[in-house]
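**Q** Sequence:
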Amino acid sequence: MKFKIILFIVLLLTVSAAKAQDPIFSQANYVQETLNPGFSGFEDNGKVYAGVLSRLQWPNLDLKLTTQYAFVNKSFDYGPDLGFGIGVNAVWQYESFNNYNYFQINTNYAHRINLDGGWFFRPGIEVGVGNKSNRFRNLRLGDQININTGTINPNSVDPLANTIKNPYFVDFSTGIVFEKEAFYGTSYWFGASVKHLNRPNISFVEGEKVPLDIFYSLHGNYRFPFLNDSSVMMTANYMQQGQYNRLDVGSLFQVEEFLVGLTAATNPALNDDNSHLLTSINAFIGLEYSELRFGFSYDMNTSKIGNTYGVYEFSLTYLSRCKSCNLDRSRKR
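The sequence shown lines up with residues -20 to -1, 1 to 313 when you count with mature numbering (1 follows the signal peptide of the UniProt record, and there is no 0).
Any given hint could be a false lead.
Claimed, not checked - Calculated lysine to aspartate or glutamate pairs in the DMTMM-like style (CA-CA distance at most 20 Å, straight line):
hint: 1; residue 1: K54; residue 2: E271
hint: 2; residue 1: K189; residue 2: D2
hint: 3; residue 1: K303; residue 2: D57
hint: 4; residue 1: K303; residue 2: D96
hint: 5; residue 1: K160; residue 2: D61
hint: 6; residue 1: K160; residue 2: D96
hint: 7; residue 1: K312; residue 2: E186
hint: 8; residue 1: K312; residue 2: E268
hint: 9; residue 1: K312; residue 2: D24
hint: 10; residue 1: K312; residue 2: E237
hint: 11; residue 1: K160; residue 2: E75
In short, the hints are calculated from the structure, not lab data.
Please work from the sequences and hints to get the whole structure.
**A** Right under this line is the structure:
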């Protein structure tokens, strides 16, 4: 009982003073919809692009996190000078230690602008509705329990006991992508996104305000042919939210239907003396079969956090064929 009371107090202090961090996927460099609404309809030619990602983090710790993400978007093309994409995505995260739940669903729109010279500019916008909950109402405080009678009073004199809420909030995000049209198998793009422009209030306490920190991301991709039917894709992704930042740098090799990737996740900020510049090495293997791509990644921890058993992530994406053109099904990323 004392443990539950202490946990209750700690959680209240945490949500009142700290700023929540967005879920980050190890495969975000390959499924950029998780980062930037400007990628809605990015595959062009009327194609549908959809997928799911499932992430299990630190299964050997009490602080186990599971995160699920699903998306679908479609491009609409009216010649080289006019095109746009629309889509929808949803993210759900659960933390086993304190029954923390986070769910958000978003709709997005991206417009394609032809800049000539093989360059395209894709500004995008995203609007979503989110909810956070911790199931505080399942807790029982000491003054609710009558030891003599063994009964439980549904009310508590704690001033915060009746002011706990599960916040719903509206969220606005935006992003841009500059893309260079493929030439002899070589293509590249770079983009930037800003999430939580309106800084929604995520406080669990009625009447208090805890604005969600803005999430910034800069990302780029360079793809070129290798040997005969192979290709190499170099990726970089910098993210910052509040005082924390992260830089992922990696590469993805594709040989026919098989994919092998390696990414280094770093912490450039080094927020305290115990921080590590290199936090994990993320290995990725994948397989393309017709319109489907399967991916599995494992993050090997390089810090002193302990034996966490790493992070496991599975992805499945679908890219439809182009029905109104002579182009093949090949992906841009």
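**Q** Below or equal to 20 Å on CA atoms is what counts here, so check K312 against E237.
**A** holds (15 Å)
**Q** Is it true that the CA of K160 sits at most 20 Å from the CA of D61?
**A** Judged against 20 Å, a Cα distance of about 15 Å means the pair holds.
**Q** Given the hint that K189 pairs with D2, does the C-alpha gap stay at or below 20 Å?
**A** holds (18 Å)
**Q** K312 and E186: Cα distance at most 20 Å?
**A** violated (47 Å)
**Q** Hint check: K303 vs D96, CA-CA at most 20 Å. Holds or violated?
**A** Measuring from Cα to Cα gives roughly 26 Å; hence the hint is violated.
**Q** Is K54 close enough to E271, meaning Cα to Cα at most 20 Å?
**A** holds (15 Å)
**Q** Sort out whether D96 lies within 20 Å of K160, counting only the CA atoms.
**A** holds (10 Å)
**Q** Going straight from one Cα to the other, do K312 and D24 come out at no more than 20 Å?
**A** The given pair, whose Cα atoms are some 10 Å apart, holds under the 20 Å limit.
**Q** Would you check the hint for K303 and D57, treating anything up to 20 Å between C-alpha atoms as holding?
**A** Holds - the C-alpha atoms of D57 and K303 are around 12 Å apart, at most 20 Å.
**Q** Below or equal to 20 Å on CA atoms is what counts here, so check K160 against E75.
**A** violated (40 Å)
**Q** Hinted pair, alpha-carbon criterion (20 Å max): K312, E268. Please report holds or violated.
**A** holds (14 Å)
Going down the numbered hints, you'll see the structure goes against 4, 7, 11, while the others check out.
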